[in-house]
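A.B. asks: Here are the chains, one letter per residue:
Number of protein chains: 2
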Amino acid sequence: MTAFIDNGTRFRLTDPTIAPNAAGYLWNKKMMVQVNCRGYAVAQYMDPEPRKYAHVPTIAGQTFMQPEQGYFTHHPGRFFYVRDNEAGTLFSAPYEPVRAGADTYAFEPGLSDVRWVVEKDGIRIETTLRLPVDDVLELWSVSITNVSGRARDISLVPYFPVGYMSWMNMGGHFDAGLNAIVCTSVTPYQKVEQYFKNRHLKDITFLSADRKPDHFEICQQAFEGEGGLHNPSALQDRADLADGDAIYEVPAAIMQWNLKLEAGATDKLRLVFGPAKDEAEIARLKRDYLDTDEAALTRAYDDYIADGAGSLRIKTPDPEFDTFVNNWLPRQVFYHGDTNRLTTDPQTRNYLQDALGMTFIHPEKTREAILRSVSQQFASGKMPDGILLSEEAELKYINQVPHTDHGVWLAVAMEVYLDETGDRAILSEMAGFADSDEQASVADHITRALDFLAGAVDHRGLPFIEQGDWCDPMNMVGYKGKGVSGWLAEASSYAMTVWAGICRASGDEATAERLEAEAKSLNERINTFFWKEDRYGRGITDDDVLFGIGSDKEGRIFLNAQSWALLSGAADEDRKQKLLAAISGELDTPYGTMMFAPAYTAMRDDVGRVTQKWPGSAENGAVYNHAAAFYAAALYHRNEGERAFSVLRRMLTGSNEADIARRGQIPLYVPNYYRGAYYQFPRTAGRSSNLFNTGTASWYYRLVIERLFGLKGDGEGVVIAPQIPAEWPSCSFTRTFRGAHFEVSFERDPALKGRTIEVDGALIDGNRLASVEAGHTYRVVVREGAAKG
Amino acid sequence: MTAFIDNGTRFRLTDPTIAPNAAGYLWNKKMMVQVNCRGYAVAQYMDPEPRKYAHVPTIAGQTFMQPEQGYFTHHPGRFFYVRDNEAGTLFSAPYEPVRAGADTYAFEPGLSDVRWVVEKDGIRIETTLRLPVDDVLELWSVSITNVSGRARDISLVPYFPVGYMSWMNMGGHFDAGLNAIVCTSVTPYQKVEQYFKNRHLKDITFLSADRKPDHFEICQQAFEGEGGLHNPSALQDRADLADGDAIYEVPAAIMQWNLKLEAGATDKLRLVFGPAKDEAEIARLKRDYLDTDEAALTRAYDDYIADGAGSLRIKTPDPEFDTFVNNWLPRQVFYHGDTNRLTTDPQTRNYLQDALGMTFIHPEKTREAILRSVSQQFASGKMPDGILLSEEAELKYINQVPHTDHGVWLAVAMEVYLDETGDRAILSEMAGFADSDEQASVADHITRALDFLAGAVDHRGLPFIEQGDWCDPMNMVGYKGKGVSGWLAEASSYAMTVWAGICRASGDEATAERLEAEAKSLNERINTFFWKEDRYGRGITDDDVLFGIGSDKEGRIFLNAQSWALLSGAADEDRKQKLLAAISGELDTPYGTMMFAPAYTAMRDDVGRVTQKWPGSAENGAVYNHAAAFYAAALYHRNEGERAFSVLRRMLTGSNEADIARRGQIPLYVPNYYRGAYYQFPRTAGRSSNLFNTGTASWYYRLVIERLFGLKGDGEGVVIAPQIPAEWPSCSFTRTFRGAHFEVSFERDPALKGRTIEVDGALIDGNRLASVEAGHTYRVVVREGAAKG
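Heads up: the sequence lines are chains A and B, in that order. The first sequence lines up with residues 1 to 789 when you count with the UniProt record's numbering. The second sequence lines up with residues 1 to 789 when you count with the UniProt record's numbering.
Take the hints with a grain of salt, since some may be wrong.
Same chains, same label: a pair holds when it works inside one copy or across any pair of copies.
As the list claims (entries may be wrong) - When the alpha-carbon atoms are kept at most 27 Å apart in a straight line, the in silico BS3-like pairs for lysine-lysine are as follows:
#1 Lys197 with Lys365
#2 Lys382 with Lys576
#3 Lys260 with Lys30
#4 Lys382 with Lys212
#5 Lys191 with Lys396
#6 Lys197 with Lys396
#7 Lys52 with Lys396
#8 Lys553 with Lys191
Treat the hints as calculated values from the structure; they're not laboratory data.
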């Protein structure tokens with residue numbers, strides 16, 4: 001058995017056991033659902049905070065989204081039992097809970113649906129999950145076909161566990177009028193105030209169908225009995241379900257249809273599953289999504305997804321890469337930008353980087369996000385830890401821990417936005433502050449953010465780290481108020497340089513010069529205090545210990561501290577070669593470049609939190625793809641295109657069975673990390689987090705567009721500077737840009753010295769078009785000589 | 001198959017499917033473990049707050065102890081797979097996860113151990129759980145015997161799932177030096193402060209054995225594989241476990257011994273399982289509990305339990321009742337009093353009532369508890385919602401919701417303590433306040449608590465309910481500050497009367513008169529404002545609606561409001577008859593007397609929280625045994641001994657299969673509730689909460705001692721006034737009391753008119769001995785005539 005790409009818009013995995021956690025994900029404006037190849041599912045929706053409508057069988061902890069989601073027999077899922085009423089045999093599609101195996105099996109996540117096709121003993125069952133655009137609801141269609149060549153007597157039993165809804169109140173009954181299993185609950189509360197806050201919640205979970213079930217059951221325990229979920233008592237001995245209810249018992253939505261299928265016959269069924277406030281809402285959802293034309297619903301959601309299709313289409317000698325970049329990568333970027341990861345308080349850096357990616361899909365969203373962000377800035381220039389998306393939202397989890405880097409990301413996102421759109425008008429938009437009645441232009445806001453960063457430094461002029469900065473925060477490096485961050489010094493320097501360029505283009509030479517001087521001086525301090533043993537140290541602790549250096553036992557080299565030294569310009573060519581050698585020797589693995597190494601295996605009290613995470617996992621030496629993307633950005637920035645591409649390419653799991661089995665993932669998204677600690681814990685290295693929330697997607701898309709294929713705005717014009725890997729003899733791409741259309745082909749011509757660029761049939765001088773005409777289609781040919789240009 | 005009482009100190013259930021949740025519980029000074037007949041387990045220990053060392057497989061929510069604990073395949077448990085290496089067959093003891101059935105099965109919880117004996121296919125496996133007295137550790141002994149008459153080749157595989165320890169860091173390895181599977185974790189935190197708080201935590205869970213395992217596995221998923229827990233892949237095909245580890249994977253402690261057993265041979269094994277801070281602690285625990293004589297350990301724990309054996313032994317025509325009262329009831333009372341339910345902030349009313357029960361076991365503990373309670377009183381006289389047991393403790397969960405009744409319980413507990421011990425010196429002990437430097441005598445503290453209650457009343461002189469009072473709190477009856485409580489008026493009146501009696505005995509006539517006058521006037525107001533439609537209403541809402549009356553649709557009668565009207569004396573004989581009739585008609589069920597009825601099935605906005613709980617569950621119309629015990633107390637108080645006994649008796653599940661199956665419990669404790677709503681949801685009525693934390697135990701023991709067998713202190717003397725049910729022709733009991741020993745027999749003599757009492761061979765006048773001589777054995781014969789005295 002193998003897993004392979006079916007076509008550009010649909011994957012196919014043909015064995016649920018080689019990558020048990022391989023999953024597809026769907027989302028809409030209000031919800032997200034991740035379903036894996038075996039039938040397990042995790043779904044969340046906004047109400048207004050993230051909530052679930054299908055629960056684990058025990059009281060679940062409220063946490064942020066966890067990586068490497070663990071599944072177990074009674075985990076929520078969407079399962080379809082199929083019983084042969086003559087033979088008495090049972091299987092379940094797609095795989096759990098019976099795990100009977102199948103004659104043929106396919107898990108087929110597509111761009112706008114997730115589908116399974118399972119055939120066993122002459123019965124083929126195809127189940128498809130889609131979502132509507134605006135409602136919180138799962139739309140299931142089930143098609144069951146008798147391919148056995150003889151008449152069959154079958155029971156089809158969808159089993160949707162609802163789980164432990166509430167210790168206060170839960171149960172379920174069948175509502176004949178709604179033709180639905182209605183599981184009711186009351187979200188627990190103990191304080192009176194909470195009661196009033198909870199009143200609006202969708203405390204019902206329901207399953208409705210487009211025709212009456214022959215029987216049903218709602219009590220999970222009654223269904224399972226002594227048989228176990230792999231062989232439920234209620235389905236033994238050809239019995240019909242007992243039409244039971246759940247009375248303060250863990251509910252499940254279980255319906256039964258008894259079907260007589262002639263040879264070759266197909267029967268179809270539609271189901272909807274999701275939360276509701278009350279019966280009226282169920283009735284409305286049923287009307288809108290069961291009593292309507294299925295094709296129209298499918299089209300509406302397809303259109304929603306197509307609307308996020310992105311501005312680039314490529315064709316290269318690497319079809320897996322093409323598929324990813326043309327379809328799955330912009331989809332992942334769109335998911336982030338359109339839903340803000342289904343939180344109400346995204347971390348400031350995440351919010352701005354998600355917006356950065358959205359520039360290439362819906363730049364008006366990027367504009368909105370930048371304006372919203374600066375309007376929550378403090379008058380001091382400090383950026384908050386999270387951006388609140390509604391009046392009621394509040395900072396939660398990690399956003400309650402002060403981090404020092406948020407000011408960096410405004411300049412970074414703004415550069416991308418301006419390069420792509422040329423919309424300089426944004427710079428003079430006015431916005432207020434969180435803690436003052438002042439108004440200031442967006443440009444002034446950003447300058448103030450950078451000035452704040454420049455001021456939050458110690459006696460050496462190095463920025464305090466406090467309780468952490470970017471995503472390798474060691475929250476005890478500087479909690480006493482003394483420790484400083486090497487990476488943040490670099491990132492600040494880089495952001496200042498970027499912003500200085502924008503200020504200069506706006507005619508604000510004074511600010512440009514001031515920031516450039518500050519960046520230059522920062523770079524000098526970086527080299528003075530952090531460069532050691534052929535690498536940049538990650539920080540200096542409260543107790544004045546430089547760490548992240550070669551003589552450390554663990555945490556000897558941190559990727560971000562190297563990447564951003566390349567970006568900021570702190571690293572000259574000599575240092576660049578040295579640090580690249582260190583990365584090659586200590587961080588590169590077959591599964592990507594680790595965030596740092598060796599992973600900490602025990603607490604190092606002066607370095608902090610990171611040592612408490614499991615070695616190889618997020619924040620302790622994983623192949624953290626976001627950091628790897630920064631690394632690729634730095635490599636492109638320093639003209640190391642070959643190496644940059646190899647970093648990007650390794651983020652995608654291969655199409656071969658071994659790679660997919662190793663990582664537990666099919667390549668329809670870049671996960672936030674692959675397990676690292678490759679030299680310490682080889683057994684688990686490379687394993688996917690199976691979490692698709694990550695700023696990696698934005699940076700990946702940006703780098704592919706701006707660097708790999710190299711078509712990037714520059715003031716009123718555009719620069720054409722692809723950095724194509726040597727292994728590609730040729731490639732081509734189309735790209736929309738400021739209303740114009742570019743059709744670009746890249747060819748190698750060994751006869752040529754250097755690079756030529758032909759636009760609309762004529763060679764141009766250099767690599768820049770001074771202006772771009774909206775509506776025009778530019779035909780561009782880049783020819784590359786033997787020695788790259 | 002049936003379940004029956006083996007002997008007074010050990011139950012035996014012979015079929016794990018008739019009462020799937022039937023469980024035994026063990027505890028020591030620092031931990032509690034509840035294990036059910038199928039092998040599932042819930043364990044908690046103090047560190048210093050309650051924590052778990054075996055977890056569900058997902059991130060668990062932190063809550064107070066939940067009733068009707070739901071189990072599922074991957075729930076924590078202690079399982080012993082037994083594989084026949086010739087036949088390849090597999091079963092697991094005691095029952096889960098294989099559920100193979102057994103040739104003979106017995107679940108045998110005893111007073112100080114829990115034992116299972118399972119025999120299948122000629123292999124008998126006996127597993128026993130014990131605890132040490134002071135350490136947090138499970139002591140397991142396993143004995144496996146070949147009863148097949150031929151040589152056997154067996155693998156024994158204890159499987160102790162450890163579950164989802166932490167999203168931050170978890171894993172496991174085998175430590176050969178410790179001969180232990182050591183599962184490590186780091187309790188998650190995000191804020192620096194929390195790191196320092198967490199440093200002392202026992203973040204390790206380990207399993208060690210008294211001899212080296214042949215093989216082991218630690219990765220739960222690797223063990224289970226595609227086979228499922230009922231048929232783990234790692235145990236298929238006669239394979240040996242792979243000696244694997246868990247690397248940020250859900251860990252389980254799994255060991256394998258390959259045993260060649262001759263016909264008739266027995267092999268034995270000892271295991272210890274629990275949490276530890278570090279390797280050194282594991283080594284110490286191993287030394288203390290594996291490298292030592294098992295019999296000595298058993299004796300030590302037996303002694304600890306025997307130390308709580310209580311002061312009463314009875315012999316009646318009802319052996320089940322005798323067993324319960326002689327062994328299991330004092331054990332339950334002792335558990336509460338000695339561990340404070342393993343919380344650091346027991347609710348004030350629970351703490352004082354648990355202390356009340358402890359009077360009959362270790363009265364010095366009661367004394368301590370009373371002193372501690374008054375020292376946390378506010379200077380206003382108000383009692384806090386919870387009593388903090390350590391410096392670091394804080395009020396949690398329901399203790400953050402203000403309740404108004406806590407002041408009642410001091411007087412109630414004190415009466416029992418004084419009657420039992422005669423220790424009037426406690427009244428002049430001095431104690432401070434939570435919010436003042438003042439010192440006051442215990443007597444003054446209690447007077448002040450009652451004066452506070454007397455003052456917290458509305459314009460009618462009725463006590464405010466605010467966000468709730470006793471355990472049927474409807475937290476929205478009075479949240480606006482206007483609503484009042486009928487029950488609290490009665491309870492205040494009763495407490496004042498009780499306390500007035502104690503004051504008078506101390507010579508404080510002024511306080512006695514003042515409180516008696518207040519109680520009398522309260523009783524009048526109770527009758528004026530709450531008596532309606534032949535019952536006492538439960539309260540009057542903020543919007544001036546009297547509820548808990550006959551014309552209500554739901555919540556028509558509340559048991560507490562009737563019981564305490566009997567106790568306080570508000571109900572005269574006429575009203576008594578009427579309310580008893582209402583209780584009979586509306587609250588009595590075969591499973592006991594419901595707390596109120598009909599249970600609310602929908603929110604009644606003016607009555608509040610209770611309507612949000614599932615009908616029939618705790619706080620919404622359950623047979624809440626604590627309330628039933630109050631009811632029994634009231635019935636005894638008003639000389640309705642027959643009826644009182646029937647209330648008490650119905651709290652014990654019967655020994656017949658149907659009753660045990662219905663309630664899901666064997667009668668080794670009174671649970672806090674049986675499901676009620678008997679007339680509304682008959683299918684689930686009678687089902688046990690399976691939660692043994694309840695003030696019921698204290699009241700039950702008190703009533704049995706003071707009322708049913710009727711030997712109660714009275715000043716310097718003792719009153720002998722048993723209220724023996726007519727169905728008992730005779731009975732006898734022994735009782736220790738203030739150092740004396742009473743041997744009492746009760747006989748019916750139809751020839752007699754009234755009752756005679758003979759003490760040491762001589763008839764006495766009345767029923768009171770003026771003094772009690774410590775060390776003396778009193779032989780008492782109570783003879784009862786045809787018409788009860």
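A.B. asks: Next, verify each hint and record whether it holds.
C.D. replies: For each hint, the structure was consulted:
Proximity of lysine 197 to lysine 365 under the C-alpha cut-off of 27 Å is found in neither arrangement, the shortest distances being 30 Å within a copy and 43 Å between copies. Proximity of lysine 382 and lysine 576 under a CA criterion of 27 Å is satisfied in neither setting, with 32 Å inside one chain copy and 71 Å between copies. When the C-alpha separation of lysine 260 and lysine 30 is checked against a cutoff of 27 Å, the pair qualifies neither within a copy, at 39 Å, nor between copies, at 61 Å. In this homomeric assembly, lysine 382 and lysine 212 never come within 27 Å of each other (Cα to Cα): the closest approach is 59 Å inside a single copy and 60 Å across copies.
In this assembly of identical chains, lysine 191 and lysine 396 lie within 27 Å of each other by CA distance both inside one copy and across copies; the values are 20 Å within and 12 Å between. Taking CA atoms no more than 27 Å apart as the test, lysine 197 paired with lysine 396 passes in both settings, with 17 Å inside one copy and 20 Å between copies. Taking the shortest alpha-carbon separations for lysine 52 and lysine 396, both the intra-copy value of 18 Å and the inter-copy value of 25 Å come in at or below 27 Å. Taking the shortest Cα distances, lysine 553 and lysine 191 sit within 27 Å of each other only across copies (26 Å), while inside one copy they are farther apart (51 Å).
Hints 1, 2, 3 and 4 from the list above are not met by this structure, while the remaining hints are.
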